[in-house]
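Asks: Chains as they are written, first to last, in this note's numbering: chain D, 1 to 495; chain U, 1001 to 1095.
For the record, the hints were derived by calculation from the structure and aren't laboratory data.
Take these hints with a grain of salt, some might be off.
Stated by the list, open to error - No more than 25 Å apart at the CA atoms, straight line, and that leaves these computed lysine-lysine pairs for DSS-like: (1) K241/D to K1059/U; (2) K1092/U to K424/D; (3) K333/D to K1018/U; (4) K241/D to K333/D; (5) K270/D to K241/D; (6) K1042/U to K384/D; (7) K333/D to K1092/U; (8) K384/D to K1059/U; (9) K1005/U to K270/D; (10) K308/D to K1059/U; (11) K1005/U to K424/D; (12) K341/D to K1092/U.
Stated by the list, open to error - If you only want the chain U side, here are some residues facing chain D, beta carbon under 7 Å, derived: (13) L1014; (14) A1015; (15) R1016; (16) F1037; (17) L1052; (18) S1054; (19) V1056; (20) L1060; (21) G1070; (22) A1080; (23) G1086; (24) F1087.
Claimed, not checked - Take a look, some chain D residues computed to stay more than 10 Å from chain U by CB distance: (25) T22; (26) A57; (27) V67; (28) H101; (29) S214; (30) P249; (31) G256; (32) I268; (33) P312; (34) E345; (35) E395; (36) P464; (37) K484; (38) Q488.
We put the CB at the ideal spot given by N, CA and C, even for glycine.
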Amino acid sequence: MTNLTNMTMVEALKGLENKDFTSVEITQAHIDAMQSARHLNAYITETPEIALKQAAASDAKRAKGDVGLLEGIPVAIKDLFCTKGVQTTAGSHILEGFTPHYESSVTTNMFADGAVMLGKVNLDEFAMGSANTTSYYGNVINPWKRNNGDDADLAPGGSSGGSAAAVSARIAMAATGTDTGGSIRQPAAFCGITGIKPTYGRCSRWGIVAFSSSLDQAGAFARNVEDSALLLQSMAGFDPKDSTSADLPVPDFVAGLKGDIKGLKIGIPKEYRVDGMPKEIEDIWQKGIDWLKDAGAEIVDVSLPHTKYALPTYYIIAPAECSSNLARYDGVKFGLRVEGKDLTESYELTRASGFGDEVKRRIMIGTYALSSGYYDAYYIKAQKVRRLISNDFMEAYKKCDVLLTPTAPSAAFALGENEDDPIKMYLNDVFTVPASLAGLPGMSVPAGVDSLGLPLGLQIIGRPWDEENVLRVGHAIEKSANFKQMPQFIEKIAA
Amino acid sequence: MSLEKKDVEKVARLARLKITDEEATRYGTQLSNIINFVEQLKEVDTDNVEPLASVVDIKLRLREDVVTDGGIQADVIANAPESLEGFFVVPKVVE
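Please work from the sequences and hints to get the whole structure.
Replies: If you want it as C-alpha cells, here you go:
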C-alpha cells in the first residue's frame, strides 16, 4: 500500500487521476499524521473538518472532470494568511481569536485550484524571527535531530517554522510561507526541504498580515523543486487589490523545469565567503558549484560590494515599516483589548500585553528610526544603501544569470541558542536578506547533510521575474544532490 | 550611541507601549546594541544616491471611479472587542 503521506504532490496528483486513492483518503492520512506529530507544535489551529469537507468536494469535482492545479492536495497555511472563518493569529496574542471575514488572495487562488487546508501553521510573532521562538503559541520543534545521540530539540528556522516543519514531517504535502528577510529560505534549509520566495510583486499581499510591506512576499514550501513550482504557480498572479502586485503573466513554472542549464552563467559572489564560515558550509557550496559545472553551466566570479551592509539596512527598514504597520493594533477594531483609565492608556496596555518582546523591540527601533531628528540619519540613509545593494545585483546580472550561495551560515541550532543577543539571531539571515532588499526571487534546495546529519541548503538567487531560471538551477542541484534523507522519526515510521 | 532609560521611555510612549522600569533598562541595552549595529551604514558614501522606496518598477494604477465594495458593516465590526449599533466603542475621549 502506498504511503499516502510520503508522496510528492505530483505523485499524489497522478494517483488521484488513476483513482489509486481519493483526496479524502490522502487528507485523512495527513490528519492522522498531524495529530500524532503534535509534539512538534507545527500547527496553531488544526482544521480537520474543513479539510475533509474540502477533500470530499474535490473528489466530487474531479469525478466531473473538473481538475485544478492542486486538486485534492492537503496543504498547510502559514497563520499569517487571513482565512475566512478560521482564526488567524500571526503568532501573536494580540490577534488571538481574530476570525477574518475574508480570504487572502493567495489562499483564494489555491482553493480555486482545489487545495485542501489541513490547518494554520505556527510562525514567529508577526513573522519576526529566525527560529520560530517568538510565537505566542510556543516554539516549533524541528523534526530533525542530531545523530550524535544528543536529544536536543532543534529550531526549525523562522519565521515560517511551522510551514517548514510540517512539510518536512510529512504532516502537510506542501505549505505556504512568507519571506521578508529569509523566512522561507532559511527554515527550508533547516528542515531539509525546498522553499521559494518569488520576485516581490509576484504573489498578492492582500489578506496577508503585514510586517514590512516593501519586503513581505508570499512563497511556497514543498519537498522537491517540481512541487514548489506547482504550488507557486497556483499562488502567483496579478491582483488589483494589492497596489504592488505585478500585472505580468505568470509563466508555466513546471513546464519551465524541462531543459538543461547548459551555458547558463552562475555567479559566485565573493562577499558571501564570510569570516568564520563553517567549513561544512563552504564544502557544500563548492559541491554545488561543481554540480552545476558538470551540468554544463559556466561559473563566473562576481562581486556584491555592499553585502555587509544588507543586515544593518534591513534592521532599519523592516522595523520602521513594522512600527507603522503594527500601529493598527489598538484594541478597537479587532483583537485583544485591555481597558485603561482612558483611551491612551487602553492603547498602551493593550499593546504591552498583546505583543511579545521581539515585536516590541522592533516597534521601538522603528519608532526611533522614524522619529523627528533621526528620520534622515536612519531611514533615508537605509533606503539609499538599499539602492546600492540593489544596484550591486543588477551589475552582477550583467555577467551572470543566477547567483549561487549557501542559504544559511549554519545548520539548525538547538532551541535556546542565539537567544541571549538579538544581533546574533539576526546574523542567521546574512545570506538571505540582500536578495529580499532587492526584491529578487530566491530559493533554497537541500544539498546535503553536515557531520551531525542535519540538512544544509543552497540558495539560488535570480533576476527580477526570472523564477524560471531559479527553479531550473534548483532542479539541477536537486538531481545532483540526490537528497533522500528524512527526519529520523519519519524513517522509523516508514521502516 | 546609546539609548538612556529616558530615551526608551520616550520611544515607548510614541509607540503606545506601556513598559516597566525593568523593561526600560533591559530594552535600553538591547536597543543600543541594535542602533550601534546599524550605525555602520555611516561608512557608506550615499551622496547623490536616490533612496529606494520600492523595488518594483510598477506605476500605481488608477481604476474606474465606481463602487466596488461596501455594505458589509456587520463584517467590519464582527471582530471588534466592543461594538454598539454598528459602531466601534472606545472609552470616553471628550469630557
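Asks: Now tell me, hint by hint, if it's right for this structure.
Replies: Tested hints:
{"no.": "1", "hint": "K241/D to K1059/U", "in the structure": "holds (14 Å)"}
{"no.": "2", "hint": "K1092/U to K424/D", "in the structure": "violated (45 Å)"}
{"no.": "3", "hint": "K333/D to K1018/U", "in the structure": "holds (20 Å)"}
{"no.": "4", "hint": "K241/D to K333/D", "in the structure": "holds (21 Å)"}
{"no.": "5", "hint": "K270/D to K241/D", "in the structure": "violated (40 Å)"}
{"no.": "6", "hint": "K1042/U to K384/D", "in the structure": "holds (11 Å)"}
{"no.": "7", "hint": "K333/D to K1092/U", "in the structure": "holds (16 Å)"}
{"no.": "8", "hint": "K384/D to K1059/U", "in the structure": "holds (20 Å)"}
{"no.": "9", "hint": "K1005/U to K270/D", "in the structure": "violated (41 Å)"}
{"no.": "10", "hint": "K308/D to K1059/U", "in the structure": "violated (31 Å)"}
{"no.": "11", "hint": "K1005/U to K424/D", "in the structure": "holds (23 Å)"}
{"no.": "12", "hint": "K341/D to K1092/U", "in the structure": "holds (10 Å)"}
{"no.": "13", "hint": "L1014", "in the structure": "holds (5 Å)"}
{"no.": "14", "hint": "A1015", "in the structure": "holds (4 Å)"}
{"no.": "15", "hint": "R1016", "in the structure": "holds (4 Å)"}
{"no.": "16", "hint": "F1037", "in the structure": "holds (5 Å)"}
{"no.": "17", "hint": "L1052", "in the structure": "holds (4 Å)"}
{"no.": "18", "hint": "S1054", "in the structure": "holds (6 Å)"}
{"no.": "19", "hint": "V1056", "in the structure": "holds (4 Å)"}
{"no.": "20", "hint": "L1060", "in the structure": "holds (6 Å)"}
{"no.": "21", "hint": "G1070", "in the structure": "violated (13 Å)"}
{"no.": "22", "hint": "A1080", "in the structure": "holds (6 Å)"}
{"no.": "23", "hint": "G1086", "in the structure": "violated (13 Å)"}
{"no.": "24", "hint": "F1087", "in the structure": "violated (11 Å)"}
{"no.": "25", "hint": "T22", "in the structure": "holds (35 Å)"}
{"no.": "26", "hint": "A57", "in the structure": "holds (24 Å)"}
{"no.": "27", "hint": "V67", "in the structure": "holds (31 Å)"}
{"no.": "28", "hint": "H101", "in the structure": "violated (4 Å)"}
{"no.": "29", "hint": "S214", "in the structure": "violated (6 Å)"}
{"no.": "30", "hint": "P249", "in the structure": "holds (15 Å)"}
{"no.": "31", "hint": "G256", "in the structure": "holds (21 Å)"}
{"no.": "32", "hint": "I268", "in the structure": "holds (23 Å)"}
{"no.": "33", "hint": "P312", "in the structure": "violated (4 Å)"}
{"no.": "34", "hint": "E345", "in the structure": "violated (8 Å)"}
{"no.": "35", "hint": "E395", "in the structure": "holds (14 Å)"}
{"no.": "36", "hint": "P464", "in the structure": "violated (8 Å)"}
{"no.": "37", "hint": "K484", "in the structure": "holds (37 Å)"}
{"no.": "38", "hint": "Q488", "in the structure": "holds (36 Å)"}
In terms of the numbered hints stated before, the structure departs from hints 2, 5, 9, 10, 21, 23, 24, 28, 29, 33, 34, 36, listed from lowest to highest.
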